[in-house]
Amino acid sequence: MAKRTKPIGNSGRKGFVSQLPGDTQDISVFSLKRQIGIITLTTGILLVITCYALTAGAFQISVPDVVHVLLDKSIPLFPDFQGERIQETIVWNMRVPRILLAIITGIALSTAGVVYQGCFKNPLVDPFILGVSSGAAFGAALGIVFPSFFLSIQSSAFLFATISVAGAYLFSRVRGYSAPLTLILAGIIMGSLFDGLVSVMKYLSSDTALRTIVFWIMGGFYYASWSDVILIVPVTIGSVSILALLAWKLNILSIGEEEARTLGVDPGRYMVFFIGTATLLTALVTASVGIIPWIGLMMPHAARMLAGPDHRIVIPLAALLGAIYLLICDTLARTLTSSEIPVGIIVSILGAPYLFWLIRTKGGMAFG
Amino acid sequence: MDKPVLSVSHLSFSYGNGPVLSDVSLRVHRREICGLLGPNGSGKSTLFKCCLRFLDTYSGEIQVTDTPVRRMGVRDLAQSIAYVPQEHKPVFQFRVLDMVIMGRNPHVQGLLGYSAEDKRIALQSLEKLGIRDLAAMTMKELSGGQKQLVLIARALTQNAPLMILDEPTSSLDYSNQIKIWEMLEDIAKSGQTIIACTHDPNHVLWFCNRTIVLHEGRVIAEGSPKTVLTSDLLSHVYKRECIVGSYETTSLVIPRFLYS
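In order, the protein sequences belong to chains A and B. Just so we're aligned: 37 in this note's numbering is position 30 of the first sequence, and the numbers increase by one with no gaps anywhere. Just so we're aligned: 182 in this note's numbering is position 173 of the second sequence, and the numbers increase by one with no gaps anywhere.
Next comes chain A alone, as it looks inside the complex (with noise of 0.2 Å):
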């Protein structure tokens, strides 16, 4: 059957005049109040699991001790905790900086997700299928077990995840042109690379050395305390203000570097920018964290699926999702069992059947 050509507008030649019933402002401030409301409900959610997960785990707390707990820590004249010693300590020193850490790597994570995809035009990639996070793991690893060789642990965590990504993108660049499926590739080689580097590491390092890179790799939130917290925050939260800030250039780079170039916007300048600031995101927690795998593929592709493809309102939606579904997941790998399970796990184990269903639904929309 002959295909159907659509017209090509609806006005005729004659006037370019609009047969448009209505104006298209109100599609714009329908799209807007949508927008408004996916973030105003997303941020509900995440304040309701934080309540949840403060009072929830092997040692349970009531919300009133909770809350009394956090104003008494919070505001210099509020009246002291009158309760046991040991759940102002657990509630404040333990759960309050772990959930705290838990939301900024999911947002830390998604954000430098949503990044690589919009400037590597690639909906495939994050930071774990490029080879930044096991770069970031190497960098780390070395750090624990040459800790005089570098400043920290973060410092070289950073600089061997960049290599990771510089390498992975120089790689695959055949010709000025980077094809999404060698990226891939590049990106897989890369990990691989500083995988086969982190065991020569954990063969060569103490007894003690070993069992820090090991926990650390599994990925968890064991030892999070407000020194973790104290410098990942700000930074993170800096760091995703801006790119979500700029995020209307980051459109602009993602639909191709020429088209860009012609639009005004230097590929170049934007992409070392954006690519480094994703990057820095991404050592930053996993130096502290260890490897947490999927979040940075899964929650770009819900945020689209929910308010589409502008960057704009990508970032901030993808930034929550993350911090809540990670959330949820820690707060699973501490209540679940009488041990801790490392998040890694379930993350991984609620992140696969989540793709499968991502590409079964709405694969076309997600993976174009």
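Worth flagging that the hints you see were computed from the coordinates, not collected in a lab. By construction, the Cβ of each residue, glycine as well, lies at the ideal position given by its N, Cα and C atoms. Treat each hint with caution, since some may be false.
Only part of the chain B face toward chain A is listed, based on derived beta-carbon distances under 10 Å [claimed, not checked]:
no.	residue
1	Leu61
2	Gly82
3	Asp85
4	Leu86
5	Ala91
6	Ile110
7	Pro115
8	Gly122
9	Thr147
10	Gln167
Restricting the straight-line Cα-Cα distance to at most 30 Å, the calculated cross-link-like pairs of lysine-lysine (DSS-like) are [said to hold, decoys possible]:
no.	chain 1	residue 1	chain 2	residue 2
11	A	Lys40	B	Lys128
12	B	Lys12	B	Lys58
13	B	Lys98	B	Lys137
14	A	Lys128	B	Lys128
15	B	Lys58	B	Lys235
16	B	Lys98	A	Lys128
17	B	Lys149	A	Lys128
18	B	Lys149	A	Lys40
19	B	Lys235	B	Lys12
20	B	Lys58	A	Lys128
21	A	Lys40	A	Lys128
22	B	Lys235	B	Lys198
23	B	Lys98	B	Lys58
24	B	Lys137	B	Lys198
25	B	Lys137	A	Lys40
Computed spacing ranges between beta-carbons, pair by pair [stated by the list, open to error]:
no.	chain 1	residue 1	chain 2	residue 2	range
26	B	Pro77	A	Ala173	29 to 39 Å
27	A	Gly283	B	Ser240	54 to 64 Å
28	A	Ala359	B	Ala125	43 to 53 Å
29	A	Leu48	B	Ala125	21 to 31 Å
30	A	Ile52	B	Pro77	53 to 63 Å
31	A	Leu78	B	Ala125	36 to 46 Å
32	B	Ser179	A	Leu54	51 to 61 Å
33	A	Ala359	B	Ser179	38 to 48 Å
34	B	Ser18	A	Gly283	31 to 41 Å
35	B	Leu120	A	Ala63	35 to 45 Å
36	B	Tyr183	A	Ile52	51 to 61 Å
37	A	Gly283	B	Thr76	26 to 36 Å
Chain B: place on chain A using the hints.
Positioned in the frame of chain A, the structure of chain B alone reads:
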């Protein structure tokens, strides 16, 4: 005569194995719709790539409104030249309005994004091309012709003195080809300067007020299409005998075997 909007002087370029463009000089003036003709490999796309500085290792000079493009930054260049690519296959399917408003990027001051005025200009461009009703649709939902119109609307939104189109109708059906060229004709009449390359000499005859013919990297003819596009020239360029005839008042090019 007006100063040319686009002025190319003694442009030569090579990818490394033989010259692709040799001593090309041409001028395109305000309000002109200039059709760039030439067979595959004649250097049409390379010429555009040099103008847009995708290729930067050329010799000679390219000026837009008297300013050499070599001296322009990315933003200045985008304020001077709007480009409609031959192919547009974005991975992420933006809404039409979001795609068209990207044309305002070179004019945005600061880093906080588009203003209400930018949005108004984008909507105005859509209305000018009669596709305002597509504003809320995604690019994926559009036909090939509609997509091409959206890209032209984006170029209009860019408000640059020169618009370059690389084979704007190459993947469209016959009706949509004519509609796109009619739109371009109207845009040129409203003051815009256009240079577009095409493989169909009839489009140049019907819609352009000037033509430049490239052959083996050189300009071999330029001027009014009705004067320049002769049977001899087209037969020489396309290595196929062509007849330039007319039907009522319309000139047209047909290959010799059909005519006989």
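Results for each hint:
no.: 1; hint: Leu61; result: holds (6 Å)
no.: 2; hint: Gly82; result: holds (8 Å)
no.: 3; hint: Asp85; result: holds (8 Å)
no.: 4; hint: Leu86; result: holds (8 Å)
no.: 5; hint: Ala91; result: holds (7 Å)
no.: 6; hint: Ile110; result: holds (9 Å)
no.: 7; hint: Pro115; result: holds (3 Å)
no.: 8; hint: Gly122; result: holds (4 Å)
no.: 9; hint: Thr147; result: holds (7 Å)
no.: 10; hint: Gln167; result: holds (7 Å)
no.: 11; hint: A:Lys40 <-> B:Lys128; result: holds (17 Å)
no.: 12; hint: B:Lys12 <-> B:Lys58; result: holds (23 Å)
no.: 13; hint: B:Lys98 <-> B:Lys137; result: holds (24 Å)
no.: 14; hint: A:Lys128 <-> B:Lys128; result: holds (25 Å)
no.: 15; hint: B:Lys58 <-> B:Lys235; result: holds (28 Å)
no.: 16; hint: B:Lys98 <-> A:Lys128; result: holds (11 Å)
no.: 17; hint: B:Lys149 <-> A:Lys128; result: holds (16 Å)
no.: 18; hint: B:Lys149 <-> A:Lys40; result: holds (23 Å)
no.: 19; hint: B:Lys235 <-> B:Lys12; result: holds (24 Å)
no.: 20; hint: B:Lys58 <-> A:Lys128; result: holds (22 Å)
no.: 21; hint: A:Lys40 <-> A:Lys128; result: holds (28 Å)
no.: 22; hint: B:Lys235 <-> B:Lys198; result: holds (19 Å)
no.: 23; hint: B:Lys98 <-> B:Lys58; result: holds (19 Å)
no.: 24; hint: B:Lys137 <-> B:Lys198; result: holds (13 Å)
no.: 25; hint: B:Lys137 <-> A:Lys40; result: holds (28 Å)
no.: 26; hint: B:Pro77 <-> A:Ala173: 29 to 39 Å; result: holds (33 Å)
no.: 27; hint: A:Gly283 <-> B:Ser240: 54 to 64 Å; result: holds (59 Å)
no.: 28; hint: A:Ala359 <-> B:Ala125: 43 to 53 Å; result: holds (45 Å)
no.: 29; hint: A:Leu48 <-> B:Ala125: 21 to 31 Å; result: holds (27 Å)
no.: 30; hint: A:Ile52 <-> B:Pro77: 53 to 63 Å; result: holds (56 Å)
no.: 31; hint: A:Leu78 <-> B:Ala125: 36 to 46 Å; result: holds (43 Å)
no.: 32; hint: B:Ser179 <-> A:Leu54: 51 to 61 Å; result: holds (53 Å)
no.: 33; hint: A:Ala359 <-> B:Ser179: 38 to 48 Å; result: holds (43 Å)
no.: 34; hint: B:Ser18 <-> A:Gly283: 31 to 41 Å; result: holds (40 Å)
no.: 35; hint: B:Leu120 <-> A:Ala63: 35 to 45 Å; result: holds (42 Å)
no.: 36; hint: B:Tyr183 <-> A:Ile52: 51 to 61 Å; result: holds (53 Å)
no.: 37; hint: A:Gly283 <-> B:Thr76: 26 to 36 Å; result: holds (32 Å)
Every hint, counting from the list given before, is met by this structure.
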